[in-house]
Amino acid sequence: MADIKHLIAARAARELQDGDIVNLGIGIPTLVVEHLPDNVDVFLHTENGLLGVGPAPGPDEVDPDLVNAGKLPVTEVVGSSFFSSDHSFAMIRGGHIDVAILGALQVDSRGYVANWSVPGQAILGVGGAMDLLIGAKKVIVTMSHMTRDGEPKLVDTCTLPITALRRVDKIITELAVFRVTDEGLVLEELMPGVTLDEVRTKTTAKFTYEVK
Amino acid sequence: MADIKHLIAARAARELQDGDIVNLGIGIPTLVVEHLPDNVDVFLHTENGLLGVGPAPGPDEVDPDLVNAGKLPVTEVVGSSFFSSDHSFAMIRGGHIDVAILGALQVDSRGYVANWSVPGQAILGVGGAMDLLIGAKKVIVTMSHMTRDGEPKLVDTCTLPITALRRVDKIITELAVFRVTDEGLVLEELMPGVTLDEVRTKTTAKFTYEVK
Amino acid sequence: MKNKIVSKEQAIATMHDGAVVMVGGFGQVGTPLVLIDEVLRQGYRDLTVISNNVGEPGKGLSRLLENGQLKKAIGSYFTSNRTVGEYVLAGKLSVELVPQGTFVERIRAGGAGIGGFYTRSSAGTLIGEGKETREINGELYVLEQPLTADFALIRAHRADKLGNLVYRKTARNFNPVMATAAKTVIVEVDEIVEPGELDAEAIVTPHLFVDYIVERGHEDGRH
Amino acid sequence: MKNKIVSKEQAIATMHDGAVVMVGGFGQVGTPLVLIDEVLRQGYRDLTVISNNVGEPGKGLSRLLENGQLKKAIGSYFTSNRTVGEYVLAGKLSVELVPQGTFVERIRAGGAGIGGFYTRSSAGTLIGEGKETREINGELYVLEQPLTADFALIRAHRADKLGNLVYRKTARNFNPVMATAAKTVIVEVDEIVEPGELDAEAIVTPHLFVDYIVERGHEDGRH
Chain G
1 MADIKHLIAA
11 RAARELQDGD
21 IVNLGIGIPT
31 LVVEHLPDNV
41 DVFLHTENGL
51 LGVGPAPGPD
61 EVDPDLVNAG
71 KLPVTEVVGS
81 SFFSSDHSFA
91 MIRGGHIDVA
101 ILGALQVDSR
111 GYVANWSVPG
121 QAILGVGGAM
131 DLLIGAKKVI
141 VTMSHMTRDG
151 EPKLVDTCTL
161 PITALRRVDK
171 IITELAVFRV
181 TDEGLVLEEL
191 MPGVTLDEVR
201 TKTTAKFTYE
211 VK
Chain W
1001 MADIKHLIAA
1011 RAARELQDGD
1021 IVNLGIGIPT
1031 LVVEHLPDNV
1041 DVFLHTENGL
1051 LGVGPAPGPD
1061 EVDPDLVNAG
1071 KLPVTEVVGS
1081 SFFSSDHSFA
1091 MIRGGHIDVA
1101 ILGALQVDSR
1111 GYVANWSVPG
1121 QAILGVGGAM
1131 DLLIGAKKVI
1141 VTMSHMTRDG
1151 EPKLVDTCTL
1161 PITALRRVDK
1171 IITELAVFRV
1181 TDEGLVLEEL
1191 MPGVTLDEVR
1201 TKTTAKFTYE
1211 VK
Chain R
2001 MKNKIVSKEQ
2011 AIATMHDGAV
2021 VMVGGFGQVG
2031 TPLVLIDEVL
2041 RQGYRDLTVI
2051 SNNVGEPGKG
2061 LSRLLENGQL
2071 KKAIGSYFTS
2081 NRTVGEYVLA
2091 GKLSVELVPQ
2101 GTFVERIRAG
2111 GAGIGGFYTR
2121 SSAGTLIGEG
2131 KETREINGEL
2141 YVLEQPLTAD
2151 FALIRAHRAD
2161 KLGNLVYRKT
2171 ARNFNPVMAT
2181 AAKTVIVEVD
2191 EIVEPGELDA
2201 EAIVTPHLFV
2211 DYIVERGHED
2221 GRH
Chain C
3001 MKNKIVSKEQ
3011 AIATMHDGAV
3021 VMVGGFGQVG
3031 TPLVLIDEVL
3041 RQGYRDLTVI
3051 SNNVGEPGKG
3061 LSRLLENGQL
3071 KKAIGSYFTS
3081 NRTVGEYVLA
3091 GKLSVELVPQ
3101 GTFVERIRAG
3111 GAGIGGFYTR
3121 SSAGTLIGEG
3131 KETREINGEL
3141 YVLEQPLTAD
3151 FALIRAHRAD
3161 KLGNLVYRKT
3171 ARNFNPVMAT
3181 AAKTVIVEVD
3191 EIVEPGELDA
3201 EAIVTPHLFV
3211 DYIVERGHED
3221 GRH
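Protein chains in written order, with the working numbering: chain G, 1 to 212; chain W, 1001 to 1212; chain R, 2001 to 2223; chain C, 3001 to 3223.
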C-alpha cells in the first residue's frame, strides 16, 4: 500500500509546475513533494496560515506553534510568511492557489467529488474541503482506485454527499489517470502494467479512452 | 473665526472619555485634541491606516509616507499601529471607533446630516464620510451655526443630499449644543452669552429646549 | 488611561451564563487554554461556542463540553473529538457546521459590519441546503450571515500594555479575526511589554480590539 | 524558480489598451508613480482605473487622464483634482463614485472570491440609488459587487526576491488589498532583498499575489 501511495504521489508530482502555489490534503497528497523533479520548486500553502511549509521536523525541532492543516508538526522554509485564517481562506477562495491535491471517497462521471462526509457516520466535520474545491485553480484528486471493500470509487453519480458543484480537473489512482472535461471523464493514461480492461472492470463511472 | 472654531472644538473635547478611539474629520474636528482635559487621553484613528496619530511634525520632521485622511503630514505616537485600508474600514464599519467628530453642511430636525456633496458642484467625491456615519459608535457634528451667507445649517429637512440614514448623536456650534433623540433635536446647552432667542432665530430645524 | 491587564479570574468573571463565545485556535494550536480552564472553574453554563474545533477528549473546549457547560457549537471540524458526536446523539449539544472558509469569513463580516455575503462554498451541497442561493456570473452562490459574539477568548504571543497584539507562527489562525467580532475581547499572552516595543508595522491586532489582557503564569506552561 | 524582477519597461509592456487597472495610493502617498509614468510613456488607452483618487493636476494618475488615456475611473474621492470634473463635464471620462469603505471592501471581495456583500454604507443616499437593498435587523443595506482588475499597479517599501512585500507607514493603504484582486500584479519598491530578510511574521503581502517586481532607480527619487 505504501508503494501504491508513492506511485500515485509520484504521478501527481508530474502535474506540478515550477513556482506553483500548492495546497496538499492529508494522506497521499502530502507525499507528493517527495517526488518533485529537480527543476520544479513549489510553495506549499496550508490553510491554517502559512505559505512555505517545509518538511516534518526532527524530534528535537518540533515547534508546537507550527503545524499544518492536518495538525502535524512542520517546518517553515526560507521566504515563508504567516497569516490569519481569514487571509488564508481569502487566498483559497479568491483563486490564488494554483493547485490543490486532495483525497476523495468518490468521484463521479461528471467530475464531482465526495470527500468530506464519511459513510455511516454523523456529519460533524467539513474543514476546508469545500473552500479548496471551489477556489483552487486546478484540483487533482489522488486516491486508491477502489475502497477497502473492493468497491469502485469512480462511480456514475456520487452516492455520498458531494463537496462542491465544481468539477475536479484530474484524477490519479494506482491504475490510471483521468482528465475531466465538459463531456465527462477521459482516461488519458494507464499506469505501468495496467490494462484498459482492468480499469473498465474496476470503474463504475463512464469514461472515454484516449490513446496518447 | 479662529476663536469660534476653538470654542466649538473645546466644547467637543469635553464629550470625549479617557481611552476613546476617535476619528477626526477635516477642519474644526482636528482642533479638538488641543483642548483635551489633562486626565483624558484618546487614540486618534485615521482611515488611511494609522491608529495613534500624533501632532503635526516640525518642518524638518515631515515624512512623506505619514499623513492623515486630509493628506496632511502627521506624526505617530508611541504604541501606534499601521494597517491597510480594508482593515481600517473594517474597524470603522464594524463599530470599533468610539467617536467620530465630523463637519457638516446641514443637519436636520431628525438628526440626519449632509456633509459630502457641495451645493452647486458636480458630485465627484464622497471619501469615508458615509462609512464613518454608519459605523462610529457616537457621531458628533462640529460646525458653525450658519453658512457664510447667513443661512441656518440646522434645517427642518436637509436640502443637500444626506450622508447616511444614521442620525448623528450630538451637534455642537458656536451657539449651542444639541442632542439627537428619537423624538428629534434637544437643545441641551447654550454657549456662554448666547440666548435661547438667538438660537431660535438662527435655527430652522425644530428642537425642544431642555434646561439643565 | 484604562488598565487592560487583569488576572484570568478577573477577566473571566466578566462572562455570564448563556453567553456566545468565540474561541481561537486550530486544534490546540493558538487556543487560549488558560482562559478555557478558568471558564471551567467559574462554571458558566449554556454557552454557545464559535470555534473551528471543540478540542479533543479531555483537552481545551472539550473540557467545557464534558462538564455540561456547552449548549451549541458553531464551527467547521468537530470530527476529531468523538465526544462531540456522543453529545450530539444524546441531544445534549446542537451543532452548526460551516465550511472553514465560510466560518472565518462570517466572523470577519461580523467584525467589519457586513450584513451578509455570497460565497460559492457549500452551494449545491448538503451543507448549503436551505440557504438562500443566487446565480452570479453563471455560478451558484449561497448567502451567509455574519457571526458576532458576546466574548472572544483568544491567544496571542505578545501584547503591549495598550493591547496591541502579535502572534507566533501558525498559532495566529482565527485569533485576529475573532478579536474583531466580539463585544468583549479577552486575550491570553505569553508576555506583556511596554508600548513601543512592538513594531508598529508588524502589529496584527491593533489595541482598539482588545479589552482585557491576561499574562500566562509560569505554572501554565507552554501548550 | 520564476524570476519576478523586471524593468519598469518590461513590467508595463504586459499591459494592453482597454485594460482595467487598479492603482494603489491615497493621494500621492503609496502611489506607484514610477509605474504610472511608464504607462504614460507606453501610451495605453481606454483604461479603466480603480483608484481612490485620480491624482492631482499634473501628478500621478492625472497625467494619464490629461494624456487622454483614461476612459473610466472608479473610486471614492476625485474632488481634489479639478481636472477630473472638467473631463467628466466634457464627456471624456465616466466616473463611478463609491464610499471609500465600500470601495475597499469591493476590492477585498474581488480578491477573496466573494460574490457580493451587504453594507449599510450609502443605503438611503444618492449614491445608494438604484442599488438592490435589503433590510437586515431593521437596518437598510445595499448589495455591492466585487471589483477585480486585469492589472494592479502597487507601491511597497521592500520586496524579497520571491515577491513578499512590506510597506511603510501610511503608504500601505490600498496596496495590499489591490494585490489580491488583479490577474497581474506589478509592484514598485524601494528595495529588493534576499528571501529570509523580511520577518515571516511581518510580511503583509505574501508572494503568491505578486507577479512582477520593479525596483525604483535612484533617478526616481522618493515621492
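Hints may contain errors.
With a Cα cut of at most 25 Å, we get these calculated DMTMM-like pairs of lysine to aspartate or glutamate [unchecked claim]:
no.: 1; chain 1: C; residue 1: Lys-3002; chain 2: G; residue 2: Glu-15
no.: 2; chain 1: C; residue 1: Lys-3183; chain 2: G; residue 2: Glu-34
no.: 3; chain 1: R; residue 1: Lys-2183; chain 2: R; residue 2: Glu-2139
no.: 4; chain 1: C; residue 1: Lys-3161; chain 2: W; residue 2: Asp-1065
no.: 5; chain 1: R; residue 1: Lys-2161; chain 2: W; residue 2: Asp-1041
no.: 6; chain 1: W; residue 1: Lys-1071; chain 2: W; residue 2: Asp-1038
no.: 7; chain 1: W; residue 1: Lys-1071; chain 2: C; residue 2: Asp-3037
no.: 8; chain 1: C; residue 1: Lys-3183; chain 2: R; residue 2: Glu-2139
no.: 9; chain 1: C; residue 1: Lys-3002; chain 2: G; residue 2: Glu-76
no.: 10; chain 1: C; residue 1: Lys-3183; chain 2: G; residue 2: Asp-169
no.: 11; chain 1: R; residue 1: Lys-2059; chain 2: G; residue 2: Asp-65
no.: 12; chain 1: G; residue 1: Lys-206; chain 2: G; residue 2: Glu-174
no.: 13; chain 1: R; residue 1: Lys-2059; chain 2: G; residue 2: Asp-63
no.: 14; chain 1: W; residue 1: Lys-1137; chain 2: C; residue 2: Glu-3139
no.: 15; chain 1: R; residue 1: Lys-2059; chain 2: G; residue 2: Asp-60
no.: 16; chain 1: C; residue 1: Lys-3161; chain 2: G; residue 2: Asp-38
no.: 17; chain 1: R; residue 1: Lys-2161; chain 2: C; residue 2: Asp-3199
no.: 18; chain 1: R; residue 1: Lys-2161; chain 2: W; residue 2: Asp-1018
no.: 19; chain 1: W; residue 1: Lys-1071; chain 2: R; residue 2: Asp-2150
no.: 20; chain 1: W; residue 1: Lys-1170; chain 2: C; residue 2: Glu-3139
no.: 21; chain 1: C; residue 1: Lys-3131; chain 2: R; residue 2: Glu-2132
no.: 22; chain 1: R; residue 1: Lys-2161; chain 2: W; residue 2: Asp-1098
no.: 23; chain 1: R; residue 1: Lys-2071; chain 2: R; residue 2: Glu-2086
no.: 24; chain 1: C; residue 1: Lys-3183; chain 2: G; residue 2: Glu-174
no.: 25; chain 1: R; residue 1: Lys-2161; chain 2: W; residue 2: Glu-1076
no.: 26; chain 1: C; residue 1: Lys-3131; chain 2: R; residue 2: Glu-2135
no.: 27; chain 1: G; residue 1: Lys-170; chain 2: G; residue 2: Asp-65
no.: 28; chain 1: W; residue 1: Lys-1138; chain 2: C; residue 2: Glu-3139
no.: 29; chain 1: W; residue 1: Lys-1071; chain 2: C; residue 2: Glu-3096
no.: 30; chain 1: C; residue 1: Lys-3183; chain 2: R; residue 2: Asp-2037
no.: 31; chain 1: G; residue 1: Lys-206; chain 2: G; residue 2: Glu-151
no.: 32; chain 1: C; residue 1: Lys-3161; chain 2: G; residue 2: Asp-41
no.: 33; chain 1: G; residue 1: Lys-137; chain 2: C; residue 2: Asp-3199
no.: 34; chain 1: G; residue 1: Lys-5; chain 2: G; residue 2: Glu-34
no.: 35; chain 1: R; residue 1: Lys-2183; chain 2: W; residue 2: Asp-1020
no.: 36; chain 1: W; residue 1: Lys-1137; chain 2: R; residue 2: Asp-2037
no.: 37; chain 1: R; residue 1: Lys-2183; chain 2: W; residue 2: Asp-1018
no.: 38; chain 1: R; residue 1: Lys-2161; chain 2: R; residue 2: Asp-2037
no.: 39; chain 1: W; residue 1: Lys-1137; chain 2: R; residue 2: Asp-2150
By construction, these hints were calculated from the structure, which means they are not laboratory data.
For each hint, the structure was consulted:
1. A hinted pair counts as satisfied when its Cα atoms are at most 25 Å apart, and C/Lys-3002 with G/Glu-15 qualifies at roughly 17 Å.
2. For the proposed pair C/Lys-3183 and G/Glu-34, the alpha carbon gap of about 31 Å is over 25 Å, so the pair is violated.
3. Between R/Lys-2183 and R/Glu-2139 the alpha-carbon distance is near 36 Å, which puts this suggested pair outside the 25 Å criterion.
4. Using a Cα cut-off of 25 Å, the hinted pair C/Lys-3161 and W/Asp-1065 holds, with the two alpha carbons roughly 23 Å apart.
5. Annotation: proposed proximity of R/Lys-2161 to W/Asp-1041 holds, straight-line Cα distance about 15 Å (limit 25 Å).
6. Distance check on the hinted pair: W/Lys-1071 and W/Asp-1038 sit about 28 Å apart at the alpha-carbon level, beyond 25 Å; violated.
7. Only pairs whose Cα atoms come within 25 Å are accepted, and W/Lys-1071 paired with C/Asp-3037 is accepted, the gap being roughly 22 Å.
8. In summary, the hint linking C/Lys-3183 to R/Glu-2139 is supported, as the alpha carbons are separated by about 20 Å, within the 25 Å threshold.
9. For the hint pairing C/Lys-3002 with G/Glu-76, the CA-to-CA distance comes to about 20 Å; that is within 25 Å, so the pair holds.
10. With a C-alpha separation of about 21 Å, the suggested pairing of C/Lys-3183 with G/Asp-169 holds against the 25 Å cut-off.
11. For the proposed pair R/Lys-2059 and G/Asp-65, the alpha carbon gap of about 17 Å is at most 25 Å, so the pair holds.
12. With a CA separation close to 18 Å, the supplied pair G/Lys-206 and G/Glu-174 stays within the 25 Å bound.
13. Straight-line distance between C-alpha atoms of R/Lys-2059 and G/Asp-63 comes to about 19 Å, which keeps the hinted pair within the 25 Å bound.
14. Distance restraint check for W/Lys-1137 and C/Glu-3139: the Cα-Cα separation of roughly 15 Å lies within the 25 Å cut-off, and the hinted pair is therefore satisfied.
15. Proximity of R/Lys-2059 to G/Asp-60 is assessed by CA-CA distance (about 24 Å); at most 25 Å being required, the pair is judged to hold.
16. With a C-alpha separation of about 20 Å, the suggested pairing of C/Lys-3161 with G/Asp-38 holds against the 25 Å cut-off.
17. For the suggested pair R/Lys-2161 and C/Asp-3199, the alpha carbons sit about 23 Å apart, so the restraint of at most 25 Å is met.
18. Restraint check: the Cα-Cα separation between R/Lys-2161 and W/Asp-1018 comes to about 15 Å, which is no more than 25 Å; the hinted pair holds.
19. For the hint linking W/Lys-1071 to R/Asp-2150, the alpha-carbon distance of about 37 Å lies beyond 25 Å, and the restraint is violated.
20. The straight-line distance between the Cα atoms of W/Lys-1170 and C/Glu-3139 is roughly 21 Å, inside the 25 Å bound, and the hint therefore holds.
21. Restraint check: the Cα-Cα separation between C/Lys-3131 and R/Glu-2132 comes to about 19 Å, which is no more than 25 Å; the hinted pair holds.
22. A hinted pair counts as satisfied when its Cα atoms are at most 25 Å apart, and R/Lys-2161 with W/Asp-1098 qualifies at roughly 20 Å.
23. As the CA atoms of R/Lys-2071 and R/Glu-2086 are separated by approximately 14 Å, the hinted pair is consistent with the 25 Å bound.
24. For the proposed pair C/Lys-3183 and G/Glu-174, the alpha carbon gap of about 36 Å is over 25 Å, so the pair is violated.
25. A hinted pair counts as satisfied when its Cα atoms are at most 25 Å apart, and R/Lys-2161 with W/Glu-1076 qualifies at roughly 17 Å.
26. For the hint linking C/Lys-3131 to R/Glu-2135, the alpha-carbon distance of about 17 Å falls within 25 Å, and the restraint holds.
27. For the suggested pair G/Lys-170 and G/Asp-65, the alpha carbons sit about 34 Å apart, so the restraint of at most 25 Å is broken.
28. Between W/Lys-1138 and C/Glu-3139 the alpha-carbon distance is near 17 Å, which keeps this suggested pair within the 25 Å criterion.
29. For the hint linking W/Lys-1071 to C/Glu-3096, the alpha-carbon distance of about 22 Å falls within 25 Å, and the restraint holds.
30. For the proposed pair C/Lys-3183 and R/Asp-2037, the alpha carbon gap of about 47 Å is over 25 Å, so the pair is violated.
31. For the hint linking G/Lys-206 to G/Glu-151, the alpha-carbon distance of about 15 Å falls within 25 Å, and the restraint holds.
32. Pair hint C/Lys-3161 plus G/Asp-41 holds up; C-alpha atoms about 15 Å apart against a cutoff of 25 Å.
33. Proximity of G/Lys-137 to C/Asp-3199 is assessed by CA-CA distance (about 28 Å); at most 25 Å being required, the pair is judged violated.
34. For the hint pairing G/Lys-5 with G/Glu-34, the CA-to-CA distance comes to about 12 Å; that is within 25 Å, so the pair holds.
35. Our distance criterion of 25 Å between C-alpha atoms is met by R/Lys-2183 and W/Asp-1020, whose separation comes to about 15 Å.
36. A C-alpha spacing of about 33 Å is found between W/Lys-1137 and R/Asp-2037, which places the hinted pair above 25 Å, so the restraint is violated.
37. Of the pairs offered as hints, the one joining R/Lys-2183 and W/Asp-1018 holds, with about 19 Å between alpha carbons and a cut-off of 25 Å not exceeded.
38. About 24 Å separates the Cα atoms of R/Lys-2161 and R/Asp-2037, which keeps this hinted pair within 25 Å; it holds.
39. Restraint check for W/Lys-1137 and R/Asp-2150: satisfied, since their Cα atoms lie roughly 17 Å apart, inside the 25 Å limit.
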